[in-house]
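Asks: Chains as they are written, first to last, in our numbering: chain A, 1 to 494; chain X, 1 to 313.
The set of hints was computed from the structure by calculation and includes no laboratory data. Note that the Cβ used here is the ideal one computed from N, Cα and C, for glycine as well. Certain hints may be false.
[As the list claims (entries may be wrong)] Pair ranges (Cβ atoms, derived):
hint, chain 1, residue 1, chain 2, residue 2, range
1, X, GLY38, A, GLN314, 22 to 28 Å
2, A, LEU400, X, PHE49, 35 to 41 Å
3, X, PHE49, A, GLN415, 56 to 62 Å
4, A, GLN415, X, GLY220, 32 to 38 Å
5, X, ALA107, A, ASP136, 53 to 59 Å
6, X, ALA107, A, SER337, 42 to 48 Å
7, A, PRO93, X, PHE49, 55 to 61 Å
8, A, MET327, X, VAL279, 33 to 39 Å
9, X, ARG221, A, ARG196, 39 to 45 Å
10, X, LEU267, A, GLU131, 55 to 61 Å
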Amino acid sequence: MHKEHLLPACQYIHGERKARLFTMVGNDERQINGSFSLYYVFAIDEIHFFVTIKIALSQVDPTFPSLAAYIPALDWYEREVNDLLGLRAIGHPNRVPLILHGDSLGIHPLCKDYVETGLLPQTSDMTDTVEYMGEDVTQIPVGPIHAGIIEPGHFRFGAVGDTILHLDAKLFYTHRGIEKTLEGKTVQEARFLIERICCVCNVSHSASFAQAVESAAGIEISQRAKFLRCLYLELERLYNHVGDVGNICSGYGFAVGSSQGARLKEQLLQLNERLTGHRYLRGTIVPGGVNCDLDEAELVLLMESINEIDVDFQEFVDILLGHEIAMDRMETTGKLSLQQVDDFEAVGIAARASGRDVDCRRDFPYAAYEQLDFAVVLQTEGDVLARIKVRIVEAFNSMLLIRQILSRLPKGASQTDIPLIEPYTSSLGWSESARGENTHWIMFDKNNTIYRYRIRSAAYSNWPVVPLAVEGNIIPDFPLINKSFELCYACCDR
Amino acid sequence: MIEKIVYMVCQVLLVLFVAPLVEGIIKKVKARLQNRIGADLVQPYRDLFKYLRKDAVLAKEASWLTRTTPYLVFAVVLGSVSLLPMAALYSPLTFTGDIILLVYLFAVVRFFLAITALDSGSAFGGMGSSREMIMSAICEAALLLAVIAVLMQVGTTNLGVIVESLLTGGRDLFNYAYWLSFVAFLLVVIVETGRIPYDNPDTHLELTMIHEAMLLEYSGRYWGLLHWALLVKQILVFTLFIDLFIPWGIAKEFTGLAIFEGSIFYLLKVILLGILLAVIETLYAKMRLFKVPKLLVVSMALSVLAIVLQIAV
């Protein structure tokens, strides 16, 4: 499509057909067809279809019309292709660099002709923060290095007294260039890097990767592998949700809650280790199936442990939701409206707690989810309490799903071979992690190597709504609100 | 005279060296109540020892205030220790001041901590001192009201006499005023020691801190000294509570044996109060910042009630 038609086309699909933005990929295809390409992938939940709009940009004029004013979710994507590929969005409301902080150096690492020269030169990065007018507004800079052991992110509050007027979040401090490193790697080599995008979402990322590879190769994996994939994905969701519910308690110093959450999470991690040999389930999902099959004894152990944790978690939840101060701290704190999550195309817990009905396990079923029964949990308040409630119910649902899988696990092989993939095929893989859907877009080169890899994680979609949830709250509530989203920084810092 | 000076030195030393132990006990009790094993009872001593041996890192912008405040706070707190009756009815510096002086010595500590927090220009320090000053404006009133509620029952500001009044029946234990002011003062103790539900002493979340945010800029031996002073201040607040409400077991005569017995009772009471606070901390979570004044208002209301009842009777 010509880039002039981009705006009406996107407006039609996004506005009229109610499609949601799934991902947007910028690609340097000058070696193939002499131009840069942009792929806008929209998902239409109702009819379970994807629509991809592709525009080509010539090397002499690498610009395209910005749609961020119409589809606010495109804000980050458009800034990212500017930083990494040098493709400029004309008319973008906020041209501050997203990934490469500081002044633009004219270095665009994702271009194919980029030569790695070690560390990039340091530039002053204080110019890209918001300045506040007026005497009463205090700037409170926090981070990027924090007191707790968490990932780096710089938060700049504009506050009047203790009330937050505006929050400017600057992330991407540990951009690792995983997407660039993946180029030229074979599917087998890529698997290890994919698992290391993010530790607590690694099963979901490998599932997205595996599914993208399988769909490009046009193969169907065995039934047993499909069920086992669901099992590992649900185990990952379970330990995340249980741990996150406990973690939220430390946001208001409810020590009993945080200790119990940590204890239950540890039990689940130890269970993971006994089942698969890795506490965070690394190495379980591979393209073509699963790498780790379970025998009868392990299935019995899993069933028993889940029953035990079910009881303990129920007790923990009863204590938490019956605690007066805890409830008071969570209610009405960090409210997000449906309009806000819709505009920014939020996914996962953040979206469902505000009433946005998305869950790609149901909307675009993968693995064995089509054959399993589960409900999508929705809340409408959009506050911290709604997000914790969604987590709690989803954790119980995960336990139900695990029981279903255990009772219906079919016999058979767990791996299928990957044939040679046609060069320059592109494909999509997606899966619902504990934080929302992780979408991977791959274009293959010759000999099953990767030409371009784009990872759009749940955190990437959800970070832009965090500052919106914070506005109007008080500064001491920020850690609590941030914890209620529990987004990874690593998932963004690909 | 000599034995009184020896006693004073002993009292100060006792409090100085017991303060970390009490903190250790509180932490241990909290850990056990949360199904955790927790650190050793002596961990606070190890921490202090470690801090005191380390060199301090100061901000470039820090002035003499930052360097002076730890010593000043430490000195003021030690001075306050000798104002209070602990093991015996006799307190060494009792001729210099009374309970009102003590309230304002706490205010001196707070003033210097708050102004020093602004010194290095860090955002957290400013945030912490602004919160602390707002809270202290209410807290000081609550503390004074609670003290006055007790004073009204006795009729003097001399601590020795107040303590004696409960022992000799000058103050009735089965009086509404006693229990109302008891609860009112307990709330003040929680606030003065910076514990849940007012503040969270164990958090690493800078943005939620009230008291700790003022101390974030300190490190090494300065932090060690300040930390120690604040542990002693915690004991002081406990002692004030014990003196006003549970003085039983205190030595009435100034003899070696009586003072020894008195010290044992005193330590037991401090530890029991610490355990009570640990239980309260485990049961509750931190309140919303702007609801904290309500806690203090409750305390004030109780004190006022106690005063009114006292006058009416």
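Asks: Does each hint hold? Answer for all of them.
Replies: Okay, the hints, checked on the actual structure:
Our hint of 22 to 28 Å for X:GLY38 and A:GLN314 holds, since their Cβ atoms are close to 27 Å apart. The given range of 35 to 41 Å is broken by A:LEU400 and X:PHE49, whose C-beta atoms sit roughly 53 Å from each other. For X:PHE49 and A:GLN415, the hinted distance range of 56 to 62 Å is satisfied, since their beta carbons lie about 58 Å from each other. For A:GLN415 and X:GLY220, the Cβ-Cβ distance of about 58 Å falls outside the hinted range of 32 to 38 Å, so the restraint is violated.
Range check, X:ALA107 to A:ASP136: about 28 Å between beta-carbon atoms, so the 53 to 59 Å window is missed. A hinted range of 42 to 48 Å holds for the C-beta pair X:ALA107 and A:SER337, which are about 45 Å apart. Judged by the Cβ atoms, the range 55 to 61 Å given for A:PRO93 and X:PHE49 holds: they are separated by roughly 56 Å. Taking the beta carbon of each, A:MET327 and X:VAL279 are about 21 Å apart, not inside 33 to 39 Å as hinted.
For the pair X:ARG221 and A:ARG196, the beta carbons lie near 42 Å from each other, so the given range of 39 to 45 Å is met. Judged by the Cβ atoms, the range 55 to 61 Å given for X:LEU267 and A:GLU131 holds: they are separated by roughly 57 Å.
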